[in-house]
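Protein chains: 2
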Amino acid sequence: MSQDLSLQKFGLIKRDTPRAINLDPLQTGGLLTPEAREALLEWGDGYSVCDYCGGMLDQIKTPPIFDFVHKALPAFIGMDHSRVTNGARESKFAIMHAMTSPGDWIVMDGNAHYSSIVAAQRARINVKLVPKTPAPDYKITPEAYTAAIEEVKQQSGKPPALALLTYPDGSYGNLADAKGITKVAHDFGVPIIINGAYAVGRMPFNGKDLGADFVAGSGHKSMAASGPVGVLGVNEQYASKVLQKSPTHKNKEIEFLGCTARGATIMTMIASFPSVVERTKPENWEKEVSDARWFSGQMEALGMKQLGDKPHNHDLMFFEGSVFYDISQKTDRYFLYRELKEKSIHGIKPGLTKNFKLSTLGVGREKLGFVVDTMKDIIKKYSG
Amino acid sequence: MSQDLSLQKFGLIKRDTPRAINLDPLQTGGLLTPEAREALLEWGDGYSVCDYCGGMLDQIKTPPIFDFVHKALPAFIGMDHSRVTNGARESKFAIMHAMTSPGDWIVMDGNAHYSSIVAAQRARINVKLVPKTPAPDYKITPEAYTAAIEEVKQQSGKPPALALLTYPDGSYGNLADAKGITKVAHDFGVPIIINGAYAVGRMPFNGKDLGADFVAGSGHKSMAASGPVGVLGVNEQYASKVLQKSPTHKNKEIEFLGCTARGATIMTMIASFPSVVERTKPENWEKEVSDARWFSGQMEALGMKQLGDKPHNHDLMFFEGSVFYDISQKTDRYFLYRELKEKSIHGIKPGLTKNFKLSTLGVGREKLGFVVDTMKDIIKKYSG
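Order-wise, the sequence lines are chains A and B.
According to the working numbering, the first sequence is numbered sequentially starting from 11.
According to the working numbering, the second sequence is numbered sequentially starting from 11.
This is chain A alone, in the form it adopts within the complex (with noise of 0.2 Å):
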């Protein structure tokens, strides 16, 4: 390489942003636990849970990958098979990959992730968008998704080869009713994934439960997990096709070229696993929704507006904030973000006043009264 390449500029780089209190959707959930810290540390060498490999990571005795991803992974999102992967879209991309040929459809509800979108433009098949109710609502009914399906047949002359649903979605945090949709996919003969990137590991979460025959989880944003890292869950019925082992390296999975998750992703993952089984017990997540419609409240109390469900069922919030907005008129659309970090409050991103995201996941009511306090400051302090 060049000699004047300047390579002062990487090395150990620390990170600036100050996070006392973080409210990003994103990060809420993938925030280590002390034990993951630990982990980190302990198998943060490259290939390090490969020292007793035979060959296929999912059976490695030690450490207890095998009983994890075997045993209690399927027991925790509720499918009789899992896998670990390197996030929520590689497992979504699997899926589709395996499931279908190019040129076939997928059915996925108008709040889909993009990864989603992107996943299935990888495999070479056709998007069907199932529109989401108007505003403020912004809901996918198992109505909106027979109509999908039943134009997918018109225009190509057959059921789509797959459908997905986004539980909960990652713009509103809305909770649809899976139910209804899974069981008009499988009316049609369309086998579903259910994408859990934001009820994996955060809430109570069982796949056959809500009728899904694929389940995506991602680690590093719900499982107190070091990313990229993610659960892919397939029932018997699709086991064969999705988890195909190579012809020439019969102990390889195709999908996942041999192996996913090598190192310290999965080892964190395994290490928070217990605390968040904690996390989504019933009583403890009644808590984290409860926080949510608080703060939600407090929002709306200072001229926001949360839109989505309401009363909302999760830790994932959008609200206009038609009131910071009207100061970034007057002032510049940073100082949000600006004041916010003066507080330690990380979360809302950088310019955005009219219409943000956040999470309250574990933030726990002090912290956030402190964040609502903070906003009532802000506005205080720009209507002057």
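Don't read these hints as lab results, they were simulated from the structure.
No experiment lies behind these values; they were computed from the predicted model shown.
Please note: incorrect hints may appear among the correct ones.
[As the list claims (entries may be wrong)] Quick list of in silico lysine to aspartate or glutamate cross-link-like pairs, DMTMM-like style, CA-CA up to 20 Å:
#1 A:Lys351 to B:Glu52
#2 B:Lys24 to A:Glu45
#3 B:Lys390 to B:Glu352
#4 A:Lys19 to B:Glu45
#5 A:Lys19 to B:Glu288
#6 B:Lys19 to A:Asp77
#7 B:Lys24 to A:Glu48
#8 A:Lys138 to A:Asp187
#9 A:Lys353 to A:Asp26
#10 A:Lys24 to B:Glu48
#11 B:Lys19 to A:Glu48
#12 A:Lys377 to A:Glu296
#13 B:Lys24 to A:Asp77
#14 A:Lys19 to B:Glu48
#15 B:Lys24 to A:Glu52
#16 B:Lys351 to A:Glu52
#17 A:Lys386 to A:Asp342
#18 B:Lys71 to B:Glu52
#19 B:Lys315 to B:Glu330
#20 B:Lys71 to A:Asp26
#21 A:Lys24 to B:Asp77
#22 A:Lys19 to B:Glu52
#23 B:Lys390 to B:Glu310
#24 B:Lys19 to A:Glu52
#25 A:Lys19 to B:Asp77
#26 A:Lys390 to A:Glu349
#27 A:Lys71 to B:Asp26
#28 A:Lys24 to B:Glu45
#29 B:Lys19 to A:Glu45
#30 A:Lys149 to A:Glu330
#31 B:Lys19 to A:Glu288
#32 B:Lys81 to B:Asp219
#33 A:Lys24 to B:Glu52
#34 B:Lys189 to B:Asp90
#35 B:Lys390 to B:Asp342
#36 A:Lys189 to A:Asp219
Based on these hints, arrange chain B on the given structure of chain A.
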């Protein structure tokens, strides 16, 4: 999940492998630098690098991912463009998937890593293996590539869509005549991938100098990074295909599903990068090669036989250990593993005696001498 699920076996798990001396070919190049160990803790939380993300991982300015991906890394691997991926195998699949259609052919060396073959199977393309020369050399020659490409032409009516060379291979550590082989591929109009999973980050490497159209490298195998993480290199000619953006999400690259190594994995790669650049300087690599050759000579003096390139040009070596195999027939096949473990020497797979591989990268002459002395003592102990 069921009440009786035993969670005690999860949580923080300690790594019990003694590894004062590590000879594991999978692991020697992936041992973290002190900077990378600090980076793990600094960036371990899920989605930590996304604090200031505007929608594209490779465009993030803080931390300096943009400068790394678009300036330092392409210069380091000697290619026009680079991306950070979830591993070398994921790089290979992305290239194969973008560059081929199902039913196409790929020609690859008979020493190829299994993941190259599985990646081709995932891309639903046919694999023609280029035969290696017989034992003990196992060489891959340009002439053999010519013959294999000719065969594909005869069989399918056109040249293969892609070729791949493993440089060096992961069994023998052989460095084939890459320039000669890429020239053969280009003479047939076939673009070629160099799988440098054991080269990039260990030794001087320049993809363009070798004639590569694409490069795959491994962070956890050879760049002192916490995996799964890898690099992909592509030259201008094929960049628009491999780096194609989503038609609906203009800033998301399809083959990477939007983004890849979104956390501690890329930050440990960046943290170790200055050290990795240093160790790949010719004078430092020459010392590694000299250590490997010295070690090979010592092992042969003990009655073992090193297969592959001789004199050897890489730290990864394959040995025929007949002397150990003979002992195992009188005792049990785990004696070697047990005895080495006793001296905190890790890296020869449990149960192997007749054939095994190891890597001397970064171990140093003193510790290698200790390994040789230990081997000598073991032979003496069991030959009494």
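Now for the hints, and whether the structure bears them out:
no.	hint	in the structure
1	A:Lys351 to B:Glu52	holds (19 Å)
2	B:Lys24 to A:Glu45	holds (11 Å)
3	B:Lys390 to B:Glu352	holds (16 Å)
4	A:Lys19 to B:Glu45	holds (13 Å)
5	A:Lys19 to B:Glu288	holds (15 Å)
6	B:Lys19 to A:Asp77	holds (9 Å)
7	B:Lys24 to A:Glu48	holds (9 Å)
8	A:Lys138 to A:Asp187	holds (19 Å)
9	A:Lys353 to A:Asp26	holds (14 Å)
10	A:Lys24 to B:Glu48	holds (9 Å)
11	B:Lys19 to A:Glu48	holds (16 Å)
12	A:Lys377 to A:Glu296	holds (18 Å)
13	B:Lys24 to A:Asp77	holds (16 Å)
14	A:Lys19 to B:Glu48	holds (16 Å)
15	B:Lys24 to A:Glu52	holds (7 Å)
16	B:Lys351 to A:Glu52	holds (19 Å)
17	A:Lys386 to A:Asp342	holds (18 Å)
18	B:Lys71 to B:Glu52	holds (17 Å)
19	B:Lys315 to B:Glu330	holds (5 Å)
20	B:Lys71 to A:Asp26	holds (13 Å)
21	A:Lys24 to B:Asp77	holds (16 Å)
22	A:Lys19 to B:Glu52	holds (16 Å)
23	B:Lys390 to B:Glu310	holds (16 Å)
24	B:Lys19 to A:Glu52	holds (16 Å)
25	A:Lys19 to B:Asp77	holds (9 Å)
26	A:Lys390 to A:Glu349	holds (12 Å)
27	A:Lys71 to B:Asp26	holds (13 Å)
28	A:Lys24 to B:Glu45	holds (11 Å)
29	B:Lys19 to A:Glu45	holds (13 Å)
30	A:Lys149 to A:Glu330	holds (17 Å)
31	B:Lys19 to A:Glu288	holds (15 Å)
32	B:Lys81 to B:Asp219	holds (18 Å)
33	A:Lys24 to B:Glu52	holds (7 Å)
34	B:Lys189 to B:Asp90	holds (18 Å)
35	B:Lys390 to B:Asp342	holds (16 Å)
36	A:Lys189 to A:Asp219	holds (8 Å)
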